[in-house]
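Work out the full structure, taking the sequences as your base and the hints as a guide.
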Amino acid sequence: EAEVAQSPRYKITEKSQAVAFWCDPISGHATLYWYRQILGQGPELLVQFQDESVVDDSQLPKDRFSAERLKGVDSTLKIQPAELGDSAMYLCASSLVGRGKPNTGELFFGEGSRLTVL
Amino acid sequence: AQKVTQAQTEISVVEKEDVTLDCVYETRDTTYYLFWYKQPPSGELVFLIRRNSFDEQNEISGRYSWNFQKSTSSFNFTITASQVVDSAVYFCALSETGAGSYQLTFGKGTKLSVIP
Chain A
1 EAEVAQSPRY KITEKSQAVA FWCDPISGHA TLYWYRQILG QGPELLVQFQ
51 DESVVDDSQL PKDRFSAERL KGVDSTLKIQ PAELGDSAMY LCASSLVGRG
101 KPNTGELFFG EGSRLTVL
Chain B
1 AQKVTQAQTE ISVVEKEDVT LDCVYETRDT TYYLFWYKQP PSGELVFLIR
51 RNSFDEQNEI SGRYSWNFQK STSSFNFTIT ASQVVDSAVY FCALSETGAG
101 SYQLTFGKGT KLSVIP
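Top line first, the protein sequences correspond to chains A and B.
When you number the first sequence by the working numbering, it's gap-free, plus one each residue, and the end is 118.
When you number the second sequence by the working numbering, it's gap-free, plus one each residue, and the end is 116.
Where hints are given, some of them may not hold.
[Stated by the list, open to error] Cross-link-like lysine-lysine pairs, in silico, DSS-like; alpha carbons within 30 Å at most:
{"hint": "1", "chain 1": "A", "residue 1": "K62", "chain 2": "A", "residue 2": "K15"}
{"hint": "2", "chain 1": "A", "residue 1": "K11", "chain 2": "B", "residue 2": "K108"}
{"hint": "3", "chain 1": "B", "residue 1": "K3", "chain 2": "A", "residue 2": "K78"}
{"hint": "4", "chain 1": "A", "residue 1": "K11", "chain 2": "A", "residue 2": "K62"}
{"hint": "5", "chain 1": "A", "residue 1": "K62", "chain 2": "B", "residue 2": "K108"}
{"hint": "6", "chain 1": "A", "residue 1": "K78", "chain 2": "B", "residue 2": "K38"}
{"hint": "7", "chain 1": "A", "residue 1": "K11", "chain 2": "B", "residue 2": "K111"}
{"hint": "8", "chain 1": "B", "residue 1": "K108", "chain 2": "B", "residue 2": "K3"}
{"hint": "9", "chain 1": "A", "residue 1": "K11", "chain 2": "A", "residue 2": "K71"}
{"hint": "10", "chain 1": "B", "residue 1": "K108", "chain 2": "A", "residue 2": "K15"}
{"hint": "11", "chain 1": "A", "residue 1": "K62", "chain 2": "B", "residue 2": "K3"}
{"hint": "12", "chain 1": "B", "residue 1": "K70", "chain 2": "B", "residue 2": "K38"}
{"hint": "13", "chain 1": "B", "residue 1": "K70", "chain 2": "B", "residue 2": "K3"}
{"hint": "14", "chain 1": "B", "residue 1": "K38", "chain 2": "A", "residue 2": "K11"}
{"hint": "15", "chain 1": "A", "residue 1": "K78", "chain 2": "B", "residue 2": "K108"}
{"hint": "16", "chain 1": "A", "residue 1": "K78", "chain 2": "A", "residue 2": "K15"}
{"hint": "17", "chain 1": "B", "residue 1": "K16", "chain 2": "B", "residue 2": "K111"}
Hint data in this document are derived by calculation from the structure and do not stem from the laboratory.
Here the structure is a predicted model, which is why all the values come from computation and not from measurement.
See below:
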């Protein structure tokens with residue numbers, strides 16, 4: 001069964017360091033999302049891509065966060081510099097939206113990358 | 001703006017008891033989707049069900065059932081004869097279809113503990 005792949009699963013870093021997360025969506029999925037989930041909370045959207053274009057990054061803290069999906073396939077989320085409050089699970093999801101196929105509105109999530117900033 | 005409220009932060013039940021997880025949503029759209037996801041300790045969000053706003057039929061899948069009531073903006077989830085493997089955090093989510101974005105707005109989740 002096709003899955004959304006994310007790496008690394010776990011990352012421990014010191015504040016002010018740079019950190020990057022990678023996501024490979026399910027093949028053929030046009031839309032890719034990055035969500036942040038703080039412990040004890042529900043996931044919150046950071047950025048949404050449609051192919052290689054950003055659809056919505058209104059909740060992305062652009063002073064320190066950046067995201068790209070250069071070829072419209074895999075994506076990288078970067079944080080520089082990391083702050084203590086960035087400790088969270090970073091979830092990537094993908095969906096078929098935009099490929100002209102029947103859309104169920106369902107997002108398929110990866111296992112997430114858990115970030116701890118010391 | 002859309003909003004999802006899961007008033008129950010944590011629930012504990014004894015195995016084989018039935019349990020209902022509440023979800024109340026707010027949206028201005030007439031067309032939307034509602035979801036339930038399960039998040040086990042491993043962290044992955046597991047899709048359980050999707051409902052569109054035009055389909056108020058209740059659904060049953062094994063020990064799981066969902067009650068969608070537009071009149072009260074609720075989409076409650078019931079687990080019958082709970083099992084230890086049901087222990088997880090459960091999230092209700094709403095997706096508005098405006099502009100075709102299908103972004104999910106999640107509630108804060110309900111942590112279910114099933115005690116043997």
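Against the structure, the hints come out as follows:
Taken as a hint, the K62 of chain A and K15 of chain A pair is honoured in the structure, with Cα atoms around 17 Å apart against an allowance of 30 Å. Note on K11 of chain A and K108 of chain B: the hinted pairing holds, with a Cα-Cα distance of about 24 Å set against a maximum of 30 Å. With a C-alpha separation of about 28 Å, the suggested pairing of K3 of chain B with K78 of chain A holds against the 30 Å cut-off. Distance restraint check for K11 of chain A and K62 of chain A: the Cα-Cα separation of roughly 21 Å lies within the 30 Å cut-off, and the hinted pair is therefore satisfied.
Restraint check: the Cα-Cα separation between K62 of chain A and K108 of chain B comes to about 24 Å, which is no more than 30 Å; the hinted pair holds. Distance hint between K78 of chain A and K38 of chain B is fulfilled; the C-alpha atoms sit about 27 Å from each other, no more than 30 Å. Restraint check for K11 of chain A and K111 of chain B: the C-alpha separation of about 25 Å stays at or below 30 Å, so the hint holds. Pair hint K108 of chain B plus K3 of chain B holds up; C-alpha atoms about 10 Å apart against a cutoff of 30 Å.
A hinted pair counts as satisfied when its Cα atoms are at most 30 Å apart, and K11 of chain A with K71 of chain A qualifies at roughly 25 Å. Annotation: proposed proximity of K108 of chain B to K15 of chain A holds, straight-line Cα distance about 27 Å (limit 30 Å). For the hint linking K62 of chain A to K3 of chain B, the alpha-carbon distance of about 24 Å falls within 30 Å, and the restraint holds. Restraint check: the Cα-Cα separation between K70 of chain B and K38 of chain B comes to about 23 Å, which is no more than 30 Å; the hinted pair holds.
For the proposed pair K70 of chain B and K3 of chain B, the alpha carbon gap of about 15 Å is at most 30 Å, so the pair holds. Restraint check for K38 of chain B and K11 of chain A: the C-alpha separation of about 24 Å stays at or below 30 Å, so the hint holds. For the suggested pair K78 of chain A and K108 of chain B, the alpha carbons sit about 25 Å apart, so the restraint of at most 30 Å is met. A distance of roughly 14 Å separates the Cα atoms of K78 of chain A and K15 of chain A; the hinted pair therefore holds under the 30 Å criterion.
Distance restraint check for K16 of chain B and K111 of chain B: the Cα-Cα separation of roughly 17 Å lies within the 30 Å cut-off, and the hinted pair is therefore satisfied.
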